[in-house]
Amino acid sequence: MAIRIEVSPRRGDGGVQIVQQAQRLGIDAVHSCRTSKLYFLAEDPGTEQLSRLCAFLLADLVTEAARWDDLSAGEMPPAAAQDAHVVEVALRPGVTDVAARELERGMAELGLSISHAATATRYELEGDLSEGDLHRLAQGLLCNETIEHYTLGPIPPQFDQESAASDFVESISLSGLDEESLVALSGERLLSLDGPEMKAIQDYFAEMERDPTDVELETLAQTWSEHCVHKTFRSKIIFRWISLERHTRVVREVPGMLRYYLRRATEAVDRPWLRSAFVDNAGIIAFDDDFDLAFKVETHNHPSALEPFGGANTGIGGVVRDIIGVSARPIACTDVLCFAPQDFPQSELPAGLLHPARIREGVVAGIGDYGNKLGLPTVNGAVIYDEGYLGNPLVFAGCVGLLPRDSHPTEPQLGDRVVVLGGRTGRDGLHGATFSSAELTHETSEKSGSAVQIGDPITEKGLIELIEAARDEQLYTAITDCGAGGLSSACGEMGKELGVEVELSEVPLKYPGLTPWEIWISEAQERMVLAVPEENLPRLQELADGWDVEMRVLGIFTGDGELHVNYLGRPVAHLGMKFLHDGWPGTEMQAEYRDKNFAIKDWRAELVKLAADAQSPISNLSNLLLTLLSHPSVASKEAIVRTYDHEVRGGTLVRPFTGPEMDGPADAAVLKPLGTWHHNKAFCLSNGINPLLGKRDPYAMAVSAIDEAFRNAVAVGADPDQIALLDNFCWGNPKLRDRLGTLVRAAQGCYDGSLAYNAPFISGKDSLYNEFNGEPIPGTLLISAIGIVPDIEHTCTSDLKAPGNRLYLIGDTAAELGGSLLFSLLGIDSGDPPQMPNEPLARYTALHNAIRSDLVQSCHDLSEGGLAVALAEMAIGGRLGVRVANSELRIANGELSPVEALFSESNGRLLVEVKTEDVTTLEEHFAGLPLVEIGTVSADSRLVVELEGESVIDLAVDELVNAWKRQVA
Amino acid sequence: MKPKILILHASGTNRDGEAARACELAGGAPEIVHINRLRAGERRFADYDALILPGGFSYGDALGAGVRLALDMHVFFNDQLHEFVASGKRVLGICNGFQTLVKAGILPGQPTADSGPQTDDGLRNSQLATRNVTLTHNASGHFECRWVYLAVNGSAKASFLSAIREPIFCPVAHGEGNFQAADEATVGSLEKGGLVAFRYVDGDGNPAGGRYPVNPNGSVADIAGICNAAGNVVGLMPHPEDHITAIQSPVKSRGGLGLSLFEALINA
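Quick mapping for you: the protein sequence lines, in order, are chains A and B. Okay, so the first sequence: first residue is 0 according to numbering that gives the first Met the number 0, each after it adds one. Okay, so the second sequence: first residue is 0 according to numbering that gives the first Met the number 0, each after it adds one.
In short, the hints are calculated from the structure, not lab data. Be aware that one or more of the hints could be misleading.
Said to hold, decoys possible - Just so you have them, the derived chain B footprint on chain A, three or more residues with Cβ under 8 angstroms:
id: 1; segment: 21-34
id: 2; segment: 336-349
id: 3; segment: 365-374
id: 4; segment: 394-400
id: 5; segment: 773-786
As the list claims (entries may be wrong) - What follows is a list of derived Cβ distance ranges for each label pair:
id: 6; chain 1: B; residue 1: Ser158; chain 2: A; residue 2: Gly25; range: 57 to 65 angstroms
id: 7; chain 1: B; residue 1: Asp201; chain 2: A; residue 2: Asp751; range: 50 to 58 angstroms
id: 8; chain 1: B; residue 1: Ala267; chain 2: A; residue 2: Ser112; range: 32 to 40 angstroms
id: 9; chain 1: A; residue 1: Ser50; chain 2: B; residue 2: Ala229; range: 41 to 49 angstroms
Ideal Cβ positions, reconstructed from N, Cα and C, are used throughout, including at glycine.
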């Protein structure tokens, strides 16, 4: 029946990595590990063909050896060596297995008629290991049971099963059910609909005088899900701000946060270069005379917690399809990640959670795998570490696309066909949209097959090429991705005005046996839905064949304003579009924000006390700086970022690494799109994120994140008059008043920030219900910015360039250590948080003009760790010293102590390096604006800071480098 | 007439756009052609003056880098490709294209490249089965993107490379770029035979000597690229097409342009 092929390395490295990872699990007895690839063939092609197959496709005979066994002849793989234990791991049926698929295709190319192939991995572990140890190793390291299964010893192959298609459609009686029973039904069927919503559905079908089908209920649940309609951001909110004395300070009725804070800001600033905001899958701004830029940032948190590789992998895939969904060619990716500390003790890890180090490894590999294989540079991001992300890591994935002006059609026409392109449909991510507002349980993941998938970037790459070609030939009239809610959302949304009729049996399936509702709401990856005029179908088919993309016609836009879903001609759903899209009853939510009662009231006095205490970290500012530089959130991210291709497409002009050693930190990325090299315009990507500050004051977090994204963009050469913003809110359960209270405060900050910086929000996303064991994540707002860089000849990096140059500080420093990195280190929960700077745009405009006038040799923003960390990072990037000797560091808020001056995180500040001969011109640019000279670039490779004539920091640049790169000297 | 350059695109190919731009700047007339159009006969290798296999992840590299595309080359284009190479026209494989040429046995190739014993189904499998060099997983165990320096081996059979005056400064971006041979003798014969085309060097042009990250992937003898005995087929792991104008460099005024390779390929 089946052939088992084992491909092993001729020379192994002893599995060093696995040995170390086992130690992290607390299993020290693993001496070595040998990893082999396993391939299974459903039929035996004979010895000669098998050896050809191994030589051609399966083994690299220079480095690997291959052997095979005929399992049907009773042959068994040879037993492992003495003292070696075997764990074999295979994907669960239905999980994307690109290697098996390519093997099947390769065999067909070779003329072999083998129906199915499968793959697995074999681990031979040496050491004194009990069976219990092996299970722990398997579960904790080698196998993720969300998508894989394992055996101790040889694993039996599982080929895709042939089974009969299912046309089972259930009718669900709602009549006569009271609200409690309706809610129970919603819970049982994982609909995540509440009482009023279920009641609205009950009323609708009562009027229709029939019971809904499972397909209809699922359609409504998807369309009305948090993920699809953003209930929290659309609902009316009663917001109360309560003082320490329990007085209500403020009551405000917010008629929907999206409308009232985000869209209203965008309308108020009304920028002429804005092309599209909040109406489509991504926001769009003008780039040059011919092209626009689309930008979108998504989250994929819950899937990444369960299956880090697949979750992050499909997160990239999803946001890239958002960009394809506005007819743009994806050209760059960003990612921002929030994890728990990597050294979190294994013994304290709550049951059911993956260790943060395992999550990071998987997420980083998943991002690299997808982005690299799509040929997209991953150029900007951040990595934040905080214990609050232990149960809920955050994965923000962003994508930018380029599209010719006015090339994105959005209106399907009567009679147009519904076309699905790309990957096949399986039981992937069933209920993904409704999961976003529900807890996963053991039972649901069993029922829904694999809640998380592994991506298939090569299929998506084909879609990118095909859609670009189809767009240029104007073959379609509307396009959308198949994201949350799958076909139900894609078709429902696209047919909103005209009505649509769809035949589900036309959907290409990965494997038979799916019921109609499963096909309809499956969130299988790498699919796009298009509205295509009938006469264009042959040409689209031709292009699809040319790019190796599967295409199927599912239905037609009818003009009757209704949704008809059929299976083999039999109606399985029939809903009015009006009810589907406007029937959601809406809710009113309650939010409460309370002033905090701090343990330490006079924090500035506390700092004075600590500075005098020899035991305190702040008694020695040199050591303190080294500690902050090696803090995981500040330290070099090189180990992660190098695994992403940040150069592909040849347009990365300011990249994640700067300086002569190409390892200094960059503030933002500058990109020149391929195909636009005939002019000097480029664009930049930056971000602002500070959950530490959010714990202290969510409003301050919002304005600070906007300032950070903004100043980072300006620092590399963006025009402050052409910067657009994206919001991503990751929060806890918004049905709890305190969670919603902080969320409203952050949204208020977004509104105020948008107006102050004259920068519109063009797109956004919320991921709520991020809680574990009743504890929410720290409310986390990511602000992403995209800005126009007018001239690629005038960009700037953060590394110091030449000894003798002068250093200037832009912006006022105030005693603002609330929510700072320093206070998190000291465990102080009070302190004034950074405010929005006074007239921020004036200084950014002056800086931009200075950069355009070639006055600025290097430029770096001040963020976590304040002035001291920023100085150190510039010195690290340039491998040059700095001498700071100025007692007049501008003081906005009374006299500053050295700790306050050096580590305060006030907004609106940057450091610039200027040639001596340009000093006067620079000062002229900043006339009337906060600018102060603070020091000189030196050739002596030391960072020396003297305040009030006293040396407070004196460190060799090598010491800074070693601390920041977390390497031992 | 500008030389016509065929840039081959298979599922998962990328950096084809950059390769095309590099060819244009170097004075060529590039055309990106999907492999399906060659299979359908809409285009023929013989219609072009040079062939570039660009970077990417053909077929996802699911069975190893370049392996599936190498099979395509054998199954669909065996004769066309061997005629193209035998005619002396130039072939450049970059990154995944280099991996493909190696896995297909076209690089370094046999002294008599087209004389492998033919099996009954038309496949010259001996080169695949007896291949004694490979590009395998980086010594670091993972994908890595960083800028490197690349020096032309003065004694390379690909003599057109001598038009490249200074070491090329350009990025690598790969997970399987570690050039290895079955044994030391093979390395020796590559060196003696003038089949080593490029080596990783430091910023001053000194041999990397295996030092990471100057040699970014652990390649034996710092080999970054090789050529065939006839000197008309060259493959390399780094991406000269990503440094064809000075503004793309991460360190201003440092290192040579990768454009010099395309100029040599097209004009020298």
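Which hints, by number, does the structure contradict?
-> Per hint list: 1, 2, 4, 5, 8 and 9 violated.
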